[in-house]
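J.: Take a look at the letters that make up each chain.
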Amino acid sequence: MPTAHKILLLDDEQDLLDLYRDVLTQLPSRPEIHTANSGARAIALLESEPFTMLISDLRMPKMDGLQVLSIVRRKFPQLRIVIMTGVVDEQYRSRAYAMGIDLFWEKPRTSEEITLFRDCIESLLGQQEDGGFRGVQSKSLVDIIQLECLSHNSSVLKITKAGEQGNIWVTEGKVIDAATLTLGGEEAFKEILSWKTGSFEILPGEPDHPCVITTSYQGLLLDFAQTCDENKGSEASAQTAACDTKFLTRSPLAALSKVDGVEFVMTVPADEKSEPLSWGLENMGPVATWTRQTQKRLRELGERLQAGDLKQVEAIGLERHIGIASRGDTELCVGFKRTLSADELYETLKNISIKWAS
Amino acid sequence: MGFLSRFSKPTPKLERLPSGSFSVDALGRVLASTLPHAFSSVYMVEIGSAVLAIFKEAREAALPMSEIVVRYGGIKITARELRGGAIIFLKPKGLKPYNA
Chain A
1 MPTAHKILLL
11 DDEQDLLDLY
21 RDVLTQLPSR
31 PEIHTANSGA
41 RAIALLESEP
51 FTMLISDLRM
61 PKMDGLQVLS
71 IVRRKFPQLR
81 IVIMTGVVDE
91 QYRSRAYAMG
101 IDLFWEKPRT
111 SEEITLFRDC
121 IESLLGQQED
131 GGFRGVQSKS
141 LVDIIQLECL
151 SHNSSVLKIT
161 KAGEQGNIWV
171 TEGKVIDAAT
181 LTLGGEEAFK
191 EILSWKTGSF
201 EILPGEPDHP
211 CVITTSYQGL
221 LLDFAQTCDE
231 NKGSEASAQT
241 AACDTKFLTR
251 SPLAALSKVD
261 GVEFVMTVPA
271 DEKSEPLSWG
281 LENMGPVATW
291 TRQTQKRLRE
301 LGERLQAGDL
311 KQVEAIGLER
321 HIGIASRGDT
331 ELCVGFKRTL
341 SADELYETLK
351 NISIKWAS
Chain B
359 MGFLSRFSKP
369 TPKLERLPSG
379 SFSVDALGRV
389 LASTLPHAFS
399 SVYMVEIGSA
409 VLAIFKEARE
419 AALPMSEIVV
429 RYGGIKITAR
439 ELRGGAIIFL
449 KPKGLKPYNA
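Read top to bottom, the protein sequences are chains A and B. All residue numbers for the first sequence refer to the numbering used here, where the first residue is 1 and numbers rise by one. All residue numbers for the second sequence refer to the numbering used here, where the first residue is 359 and numbers rise by one.
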């Protein structure tokens, strides 16, 4: 059964996030929509689970869209990125495209623009299923090789994917060699073809390059197609399992952050020499200090009043809510979206605290 | 019997946790209270000071907040920020609302 696409929306304005969420949940492919109101939170979310697409604003406090983009493009090269902004500036547009985004969109204002925006996003999600290379996303690498060979071209296809690089040499319509960082010849050709996404350049042909591959391009492609068919079932399930494990083990706090409404999670040891651990938080130092001071102050007060153990603290914030719970010598400080009601805050913090303790 | 009393331990005086509210200004002075007279005003000042310090330190940590709920085993303290001061509600645990 195909899994739903996951879209991450990044904007510092909560009202806009809510609006875009409503618009995008109505897409025919029924994507799963997640939101983040800061760059740090968005990166933390991307690290915790795989996403199909990031839709980001450009102008944001602390970490702007271009900064987020530079990190995301490097760390998650397979991610489709859409910039949606009110900043209509050709320089920003060029810079964003140069950094490898898929779409630059001015924030829609009319119902027609919203419909167009929805169509574009749906189309991009469809391209994700088919694979494709940045710049020619409707074409697979197989299509590109076939085009080069049928046209009897001489060229070098340079393919880059997440820190890996591969070259395929085509001379007068024949694939004569391929190389990756570790492989050569037909092995390298098959390896490169298995890359579903990435970016590529067509460089001028090198007629003097030695001919290593003697099989025709049709034979190579047919062989590759057969191998793909054989491996499809088992590989898909193994990859999904490996992917899930990778994302779940990346941060011990990531599992807690998956609870709906959570913006950040931080554990603060009572001992000030020990470093706090955080997930999705930008200003960790001051928040950790505040957590320690608050808990110390409230424990002293509790002793004076003979009020019993300090169970948990909930703070209703103007930008976000905060919850603090304890276990042994460690405090758990959780940031929540400000849309949570006081009752939801109490219940959610209680559940997270139980999950953390277990 | 007077001899035996020499060996008995002194039992700590058990304070009843009060129910009600009080307000403090930005300097922590108690302005008004609905708490019973038996509840020492010293405690009110201590609660008020703690709450005002938490609000202030939260602002300094870029976490501005308008309300804080502190849950102890025996009492729930709710403090709302009020123009630099605060209004503070105390509700002992297990206390049911009075139905006339």
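Keep in mind that the hints are not guaranteed to be accurate.
[Unchecked claim] Per the computed footprint, the stretches of chain B lying under chain A, defined by three or more beta-carbons under 8 Å from a beta-carbon of chain A, are: (1) 377-388; (2) 440-446.
[Said to hold, decoys possible] Label pairs and their calculated CB-CB ranges: (3) B:Ala411 x A:Asp89: 27 to 35 Å; (4) B:Pro450 x A:Arg59: 48 to 56 Å; (5) B:Arg374 x A:Lys311: 36 to 44 Å; (6) A:Arg30 x B:Leu385: 29 to 37 Å; (7) B:Lys451 x A:Gln67: 42 to 50 Å; (8) B:Ser377 x A:Asp18: 56 to 64 Å; (9) B:Leu389 x A:Gly86: 32 to 40 Å.
Just so you know, the hints here were simulated from the structure itself, not pulled from any lab data. Since the structure is predicted, the reported quantities are computational estimates derived from the model, not experimental observations. For glycine and all other residues, C-beta sits at the position ideal for the given N, C-alpha and C.
J.: Each hint: holds or not?
T.: Results for each hint:
{"no.": "1", "hint": "377-388", "in the structure": "violated (count 0)"}
{"no.": "2", "hint": "440-446", "in the structure": "violated (count 0)"}
{"no.": "3", "hint": "B:Ala411 x A:Asp89: 27 to 35 Å", "in the structure": "violated (45 Å)"}
{"no.": "4", "hint": "B:Pro450 x A:Arg59: 48 to 56 Å", "in the structure": "holds (50 Å)"}
{"no.": "5", "hint": "B:Arg374 x A:Lys311: 36 to 44 Å", "in the structure": "violated (20 Å)"}
{"no.": "6", "hint": "A:Arg30 x B:Leu385: 29 to 37 Å", "in the structure": "violated (57 Å)"}
{"no.": "7", "hint": "B:Lys451 x A:Gln67: 42 to 50 Å", "in the structure": "holds (48 Å)"}
{"no.": "8", "hint": "B:Ser377 x A:Asp18: 56 to 64 Å", "in the structure": "violated (39 Å)"}
{"no.": "9", "hint": "B:Leu389 x A:Gly86: 32 to 40 Å", "in the structure": "violated (46 Å)"}
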